[in-house]
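From first to last, the protein sequence lines are chains A and B.
In this text, residue positions in the first sequence follow numbering that gives the first Met the number 0: the first is 0, and each later residue adds one.
In this text, residue positions in the second sequence follow numbering that gives the first Met the number 0: the first is 0, and each later residue adds one.
Each statement offered as a hint is correct.
Mimicking EDC-like on lysine to aspartate or glutamate, the simulated pairs with C-alpha atoms at most 16 Å apart in a straight line are:
id: 1; chain 1: A; residue 1: Lys577; chain 2: B; residue 2: Glu605
id: 2; chain 1: B; residue 1: Lys577; chain 2: A; residue 2: Asp677
id: 3; chain 1: A; residue 1: Lys577; chain 2: B; residue 2: Asp604
id: 4; chain 1: A; residue 1: Lys462; chain 2: A; residue 2: Asp276
id: 5; chain 1: B; residue 1: Lys577; chain 2: A; residue 2: Asp604
Computed list of chain B residues with no C-beta within reach of chain A, every gap over 12 Å:
id: 6; residue: Ser16
id: 7; residue: His61
id: 8; residue: Ala80
id: 9; residue: Gly271
Treat the hints as calculated values from the structure; they're not laboratory data.
C-beta atoms are modelled at their ideal positions from N, C-alpha and C, and glycine is treated no differently.
There are 2 protein chains.
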Amino acid sequence: MRDIQSFVCGDWVGPDSSARGVLDAVDGTQIGVAGSLGFDRAAMVDYAKSVGGPALRAMTFHERAKMLKALALSLSEQKDALYEASYATGATLKDHMIDVDGGIGTMLVIASKGRREMPNAHVYVDGQVEQLSRSGQFVGQHICTPKLGVAVHINAFNFPVWGMLEKMAPALLAGMPVIVKPATATCQVTELAFQMIIASGLLPAGAVQLITGDLGNLLDHLGGQDVVSFTGSEATGRHLRTHPALIQNAVHFMAEQDSLNASVLGADVAVGSAEFDLFVKEVHREITVKAGQKCTAVRRVMVPDHLLDPVQTALIERLANTPIGNPRHPDTRMGALVSLSQRRDVLEKAAQIGAEAECVFGAGDMPVLVDADAEKGAFVTPRLFRCETPDQAQAVHDIEAFGPVSTLMGYRDAGHASQLLNRGQGSLVASVFTADAGFARDMVLGSAAYHGRLYFNNATSAKESTGHGSPMPHLVHGGPGRAGGGEELGGVRGVMSYMQRTAIQGTPDILSEITQRYVPNATPTPTPDHPFRRSYHQLTLGEQLITLEREITIEDIETFAHFTGDTFYAHMDAEAAKRNPFFPDRVAHGYLLLSFAAGLFVDPDEGPVLANTGLDELRFMKPVTAGEKIHVALTVMAKTPRTDTYGEVRWHVRILNQDEEIAAEYQLLTMNAFEHSDAL
Amino acid sequence: MRDIQSFVCGDWVGPDSSARGVLDAVDGTQIGVAGSLGFDRAAMVDYAKSVGGPALRAMTFHERAKMLKALALSLSEQKDALYEASYATGATLKDHMIDVDGGIGTMLVIASKGRREMPNAHVYVDGQVEQLSRSGQFVGQHICTPKLGVAVHINAFNFPVWGMLEKMAPALLAGMPVIVKPATATCQVTELAFQMIIASGLLPAGAVQLITGDLGNLLDHLGGQDVVSFTGSEATGRHLRTHPALIQNAVHFMAEQDSLNASVLGADVAVGSAEFDLFVKEVHREITVKAGQKCTAVRRVMVPDHLLDPVQTALIERLANTPIGNPRHPDTRMGALVSLSQRRDVLEKAAQIGAEAECVFGAGDMPVLVDADAEKGAFVTPRLFRCETPDQAQAVHDIEAFGPVSTLMGYRDAGHASQLLNRGQGSLVASVFTADAGFARDMVLGSAAYHGRLYFNNATSAKESTGHGSPMPHLVHGGPGRAGGGEELGGVRGVMSYMQRTAIQGTPDILSEITQRYVPNATPTPTPDHPFRRSYHQLTLGEQLITLEREITIEDIETFAHFTGDTFYAHMDAEAAKRNPFFPDRVAHGYLLLSFAAGLFVDPDEGPVLANTGLDELRFMKPVTAGEKIHVALTVMAKTPRTDTYGEVRWHVRILNQDEEIAAEYQLLTMNAFEHSDAL
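Let the hints inform the model, and build the full structure from the sequences given.
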């Protein structure tokens, strides 16, 4: 028995008389108490805004990303203690790994995305510069900056670690402080992970707080700069989203709710094929992992009508060979539900489904448990239903039993399968097992709008596929309609949920200063020395080299053509070139222009420039004919550190003709040493 | 007197006994009646979903964009009739142009964005392919597909045409049918524009419907695939967003609500400077245009403390010289409010502001009106308040009088100005007049999170700037908190509000088929002929040419270096190259590889390929040293029509070495004739 703490305004606070007991799912013993109404929720909001927010926003995206990476690695070293604490939730070691390793891995990917896809700055640039005027002295740009409030994360019981980390990582990366409210049933695991986070000393004061037990009146204190992200039941979600303070202030509210996710066996699949076996294996896994307590678990199993019997037989065989019991025992393949009340709820919902579908597995007596007591622990047998009339049925598409309960049903063709999928009124995920790309496309056109994620698997992808049930940090997680209408993760997309997008209008000079990116047509600064002789740290945004001129001769074009082998008619044949709608005469090769441009701006000697690594958004704007002269404007556009000794310099390059018309425009990437001493 | 109609399930329906009168704002006469509870709202939703939705979704994004362009041009030819009908709303010709020309222009820009930034296909691809596995046979991609419901647009009275078109264009481009519900006070103008839309015959049946008068129980019939977009008061917004059907089904709800927008004069600006004059002129315009009935109008005027007096003097001078009266009269500069009840509301709110700020203009008697009766028409004088204690004041930051009413207040420094801005608790727009980019950046860091748009203006941008009050179709329009938390427009961003984003996982083959874009590592098809000999229409996605090999010799590198002038040490000096962290020895120039690659894959003769127009996402992956051999895999990645005779082909290009390792990877753009006969 222990006191499960909250972490409030920088201090640990124990339970008070309002606390509730937390029970072991396997044997029903009480393992602790959690909850207190004795601390001030308004003060938590204020502490987050006045202490945590400013400290986080003082850091750049890269600094916060590095902090998250260090935090994830620190948690990773303490995984065993988290596994050990998790057995009391009823889950097996495999289940713990989904929760603990999955959460840590998610934080690592978000950190990596922050480093690779966001700037080392305070303002995130969203999309392209928008031209709003002819001469280009009034332009637009979308930016994102961290919301100046607090992110409140109300999490579900089933993933006490992943649930916290997958929401916390994007919020902290954005620069928003977080208040975590885990579900009480498993809050002792969240609290332990949270203790590790605080003990790491990696986060600034006020960045994170924890409320175990009752949320209290926290939401009353929220305003328009705050965010609420909820994972849990549809009923709770509905209650939260109508909270007066949230409505009054248009608080950004995200919800991931239970949904009637489905898995579809493709119309192309035959019994005995690789896809048939993959399907049966994955559906079985989705029914039994976490004893079916996953918001992404497969609740509806859809197969071509003629495969109903073989799929049913194969699934029953696997289910019958799934030992249930004490999750600590090595023979156990499925543990307990989280609580006895959860079991009552699952059995009640299963009975409602049973009113319109036949229970073809699991209706009988509880099998002998592995090292466990069926009375004290929250064990259930998996239940497979079969629905012969899915078009008429209602409960199988509407009622979610949040346990190892699924319904098998047949479909006629892709259109019918989509119709049945969409009867769920919005799901987090559906999976389709098919080797037929056309069937896959039909399912997308028929059903994508009802799903946050569509997962396709077949023999080609099987070895590398990540699983129907696993939200990936790279991809959005959420779904429309009954799935809650929310969206989280998805790389930088998830980070943007904690930022405000603002359209900025002004001169290129002002936009450059705001975004810390050179905007074309901003006033450049003449470089004090050749920029290739200046280190990464010496180079400044807007610093510009204007090169000497070079004339392009007909001999240059001939030489280049024969040397490279590119004798395209527009370069070689004046008459043919003139017949072409784009060219006035024989023109220089685009690659000749790029190459000559480099010849004009490259400084050859060893120095801070280490390599040309790439090029973006090259557009040829005006052809160059023999006798014309080109020169280059090379301008420092952006800088992004990549290691401890060098970083990427993005150069804006314009190739101009003798009349200052733009022949070509592009962004060049080089890797540059931080200091001269880091160079060769 | 006329019957203002609704357009219901393809038929015009007139008012019934529940109809309300619509009055002329200028003289109070009744011009018509609108409203009927006699038709079935559920049938409208069903008609949109079963008739309009499928017809729109059968079209591609480009087809819908072309339809919108044609529609906008058709409306443009009938502008005069719309102007004529608009005088009864109290607005002047200049005001009509903001509404009518602004709406048509917005539709044109959205159409153009659809052609240029979206594919000629049914699935919109959002962002990059996400690598989820080592060998690349399981990858992720976000896509957007149209929601399978109806978009309900509940619009404000102040822009009866713009309000309809700016919401309708993105929804139709996405592929969603629309039900328009204009505010009753000006619905006769919306109805006239809607008649023109129907008469044009350009939209498929069911694409648009109109409810004038009472909305009825329409919202009761909405579900998770539907969208509601609302513009209007905060009170109505709050009422709508708690509608049970919207909450129950997590319906995507967007709101643009009135907000306490502000304009800030920069701390750097002196009396008599260009920025000072621009500021006074623009603030005056924002107070008086549409008689201040704009959700973006300037309600708070913030100036450095020492400029309070000169700004007040300059504003009063302009306000005193603004003739008010009959909008049809050429001398009139400001017309009437929309109705007498609106005038009562404005005066009441102004009185509340007057309780904590001094009225320095407009408190006296109504001046002589131009050709109008002050009793019958909804005229008010502009009111300028001055607040000496903006930190202590509440009403000036909270109460919006939706008319020509604004409050002047002083600030100490950029930080203080941001604090005052943010007291509005979320605005659609703030403007800042400054020539100091540093001041601009301070305002962004202090205030961007509270604003949907920040508009900077100064002498450099003045000639091309688009105005504080004008939402641009390229940029998002909306704001957090009391501004409603919504977001619309912003180019393709606004279209995505009407689509579901779905994460797709599967093999590259399946993702290619779904997105109609070749995904790297998908199974290519050998080209039946050289692809440069095949027309745009003949080329198929995934069609691939593998070229012959070419050895790169040290002489090639030398020749290229001296020919182009690019003698960078990594190409010329073996010892220096080896000291560099990226290179094993002297390496070929990146541009040499590109040029030789073109030499390998270009077919020189006249044919369907018209030009190389650009290149994207070039990355050099592995250096190539002398003696190595390269070859190229050139694959058709995507096709986008650009005119009636040619289109852009995006090629995926890999330069491979003798060990099939990737030396460079990029996307090449060419313009290709549709048919051989369209070529030379």
